[in-house]
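Undergrad: Chains as they are written, first to last, in this note's numbering: chain A, 1 to 261; chain B, 1 to 275.
Everything hinted at is true.
Quick list of the computed label-pair ranges, beta carbon to beta carbon: (1) B:G46 - A:V4: 49 to 59 Å; (2) B:L12 - A:G168: 27 to 37 Å; (3) B:W58 - A:T34: 35 to 45 Å.
One-sided and incomplete, this derived list gives chain A residues near chain B with beta-carbon spacing under 10 Å: (4) F36; (5) L37; (6) L113; (7) S120; (8) G136; (9) I192; (10) S203; (11) F207; (12) L216; (13) V244; (14) G255.
Honestly, the hints are just simulated from the structure, not real lab data.
All residues carry an ideal CB built from backbone N, CA and C; glycine is no exception.
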Amino acid sequence: MARVHPVLGAFAVLVFALLLAPLVIIIGASVSDTTFLTFPPQGLTLHWFERLFEIAAFRRTMITSFLLAVGGTGLSLLIGIPAAYALARWRGGLPAFLPNVFVLPVLIPEIVLGFSLMKSVATGLGLPIIAALLVGHAVLVLPYCVRVVGASLNQFDFSIEEAAVSLGCPRWRAFFSVVLPNVRAGVIAAFILAFITSINDVSVSIFLTGPGVSTLPIQILAHMEQFFDPVIASVSVLLMLVTVGVMAIVEFTLGLTFLTK
Amino acid sequence: MSGRAIAWTLALPATLLVVLALGLPVLATFLTTLTSEGGAVANYSGFFTSAFRRTVLWRTFEVAAITTLLSVLIGFATAWVVAKAPGQLKSLLIIAAVFPLLTGAVVRSFAWMVILGKNGILNGLLLKVGAIAEPLSMLYTEGAVIVAMVYLFVPLMVLTLVGVLEAIPQDLTEAAASLGATPAAAFRQVVLPLAVPGLIVGAVLVFTGAFTSYVTPQLLGGERQMMMGTFLYQQAMITFDWPRASTIAAIMTVVTLVTVWAMSRLARRLNPVAG
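So that you can see chain A by itself, here it is in the shape it has in the complex (with noise of 0.2 Å):
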């Protein structure tokens, strides 16, 4: 092992002690029997993870996050993978300019994204609150859908696939069981990324939200302008728990090392 000098290595270990100690303190305060948020907790109850299941805007927005999240990371992926294989496969028959296409909703802020879809979409073409959110979040993780599963189709040697195809195999199906289970770690990993940016929106959810329809992110900011209780504590661990989930699932499906490159 190369040498590190011992007063770097000391800051690292301060670092990742700041790093875990904020959401250390956060699940503290959700099991601390007190009406307000503390840490260290003072005794030990569950009773505001009961009572967050307790209060209906957040049993709501809990399932509509959900839902939009895999529906809009769903729809990104469907049109979002044909893209990637295009390009991938056909570069020269595409303008040069498209592959920056994709990029783009990375490239512009997405506060300005979501006023400006509420501009025109929602307001101008009167499309109902959910659809405008799906679009949203549709467009807003496609990046991550094409450039994720690009990279992967990029490693892709596509003679394979025209040896499928030489061999009698129509295209269509040529694709579905050569070139897709050859790049199924970049579709996992382009679920993931989309998955946990679309659960934890707060941007261009906040403009496209209305009466009756909302996600958790914006129901957890509505809950806090009024009561600053550790019901927002336990409604925290359990986004922690999602992020956990979603970290087994990196681990098993590609390692966790991936998330460095």
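Mind docking chain B on chain A? Use the hints.
TA: Then chain B, alone, in the frame of chain A:
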């Protein structure tokens, strides 16, 4: 069907989504700033002649710049240690950085509200040890926003830079050492130049993310420390002044695009590998 036709058919739905759900709406926002009452001159000169709006813009620049600088310094030092750590420990440290990264901005900013609040954990701690007699007002200050933003972006910086540092071949530093370079010289003349393009990429992500953020300024800065993101929301959804909100949106977009463009040019120029 020709290959070209197939390619277009496959790429069309995704292209249409970007054009219809992003391109045209954002273009419409820009058009609003040019065609609304008084035209472009009134909208933009109105923005820059108002002392309050200039303050908001300047504060946003300042917070984003300080956040970027701190994130780069902390992130680089930490990534250095992570990259040099032995296998098992390294995986553990990467998990410890990924976990906050994947946890949303709402949860992470909320944590700092609990820590920095008037009856918060830090005040409680300081009162207990007798360092202060009265609780300090730390929330709704520029410092609170910066602390929470650095917290938000350090994991991103660490993970980006671990990748960058690992891509630098070990042979290079060994070669430098065998040619008589001190560790400090090898770092300055070999490692740093190779890490600079990655550092710039990371810095751009942090700067644009901080410049356009909404949640952290909203929760830790509030009305008192209005930034461009919270200002845009306020104008759009509370005062319903869409031309003014569009002007803020246009300025944010231009700043972001110019930063990305200028910095990626700089990164290419400074890349010792590409020459």
